[in-house]
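Asker: Could you slot chain S onto chain P? The hints should help.
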Amino acid sequence: MASGAVERFDGKARETFEHVGKTTVYRGELLRHPVYTRVLHWSVALFFFLALFTGFGIYLPWLFRWFTPFFGGGQLSRILHPYFGTGFVFFFALQALNWFEPMIWTAADSRWMRKIKEIASGEEKMDPPDTGFFNAGQKLQFWEIVGGSVVFIITGIILWAGARTFGRITVAISYVLHDISALIMLGGIFIHIYLSTIGEPGTFQAMIRGAVSDAWAWTFHPAWYKQVTGRDPQQACDEARRQMNSGRNP
Amino acid sequence: MADRKALQAEMISGQTPPSPGHGMQRDLEVCKLVDTTTCIGCKACEVACAEWNDLPFSLTTFDNTYQTMPETRWNFWNLIKFNEHQNPDGTIQWLMRKDQCMHCADPGCLAACPADGAIVKYANGIVDFNQENCIGCEFCVSGCPFNIPRFNPATKRVYKCTLCSDRVGEGLEPACIKACPTGCLKFGTKDDMKFIAEERAKQLRNNFGWQNAGVYDPQSVGGTHVIYVLHDATDPERYGNLPSNPQIPWSYTVWKWLFKPVLGTFALFGLLGVLLHHVTHGPRLPQPEPPKKEEANG
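Protein chains in written order, with my numbering: chain P, 1 to 250; chain S, 1 to 298.
Subject to a maximum C-alpha distance of 30 angstroms in a straight line, what follows is the list of computed BS3-like cross-link-like pairs (lysine-lysine): (1) LYS226(P) to LYS22(P); (2) LYS121(S) to LYS186(S); (3) LYS226(P) to LYS125(P); (4) LYS226(P) to LYS292(S); (5) LYS293(S) to LYS117(P); (6) LYS292(S) to LYS115(P); (7) LYS178(S) to LYS121(S); (8) LYS43(S) to LYS156(S); (9) LYS12(P) to LYS22(P); (10) LYS186(S) to LYS43(S); (11) LYS260(S) to LYS121(S); (12) LYS293(S) to LYS125(P); (13) LYS117(P) to LYS292(S); (14) LYS292(S) to LYS125(P); (15) LYS226(P) to LYS115(P); (16) LYS121(S) to LYS194(S); (17) LYS12(P) to LYS226(P); (18) LYS43(S) to LYS178(S).
These aren't lab readings, by the way, just hints derived from the structure by calculation.
So that you can see chain P by itself, here it is in the shape it has in the complex:
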């Protein structure tokens, strides 16, 4: 019943946001992310970086104190940080509901993880044929952020209220867990930004315009390509290669 309510909520939200914005899919492209997903993604990203940059000044002031003037000084950074963090967790919670189903871990993901070295090094030009809408790396990061957000919200409330409410040892432990969670996400965001921009070209437009090229789809998410087009990704790729070669060598 609960999952039914979530389904209805997500469906309504997606439908509503289709009136807010639009997605143009040109010939040779596939719809990747609808408006609702994109709005959530950039809301999460905005609050993530606001919270990250206000947090930097608190984490290592001797290195990052130059961040705090952007937010009106140390005091205001400290005041704003929990609100930014709450915004991040709120929008990510909506995104987690939106993406819960495609993010479920499958046997194909375990196989993907075992081949991660070949995929990351570029030895495997295309992702394994059973790679669906999200690959195992994306799922790993998603579930890390889900776990990290739970840590953030619990320890964050403790740090927000302070030692007078929760006791000094609770605060001392929470602060370490809060830091560790932030460090993991910081490491993750580098990989995330890299792969979505210069690491795998053609990815960024999925979150901007919402559409990706057919070639991108059959290369990085073959099973998803097969699911939406009904065509075999390897055949489609080979066909494209033949066309390309015949075009170049008349």
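Answerer: Just chain S, lined up with the frame of chain P:
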């Protein structure tokens, strides 16, 4: 200190150098001695503290004791804690302890503080808060084993006893010391105060029957610059939660000074890592890639 040293006589006419007293130095470290056995609970120190530091007074709460308020506040740094302790033989001890910042040699508040220059420990041992640099995160509250720093929600900053650093800097004793009518409060160098405290404890043990009398100067925080003479040093908790073994949480020592910078650097290596990946392995392009140059020609 330098000015006083400059006024020392180095050579004196008609005398063979070195002149008497030349090269002598006073101990830099100051200390406040609180003799709980001679405190009468008059609260003159509370008034003197609020007066000198110009602390705005606020309404108190009555909790069925003689205490001015249940605990110190951001605008009340010096509180006599009244505790009734029942001895095993049924007799009652009425204990009075002056509660304030202990000015630890290893201050937990300073270790916990992430703000640049908000907490300073001076060479004379005084631990002082600079409110203009305080960001109001309240980590110091969690770092302090004595539950001293107090947050003012109106200014979003934390306050506590300064050991009257402004007076001490001018060669005066703290305001509370000046007001004490019984001599239960003393102020001087750490060595002198420790000596007087030990003498007093010995007197209590030998002449007054307090077998467990002793000095409270907890070494787990490197000693403090406010020390107590207690009737029973084996049980400081009876004086209103004075910890017998004050500790600074591990997360404010090892984590902060070692793991924070090290792990932060590791996170930045993540950035370096992805850039190196791009340089060494290049991007993964959607397939089919355009034919390589040789193939196209061949």
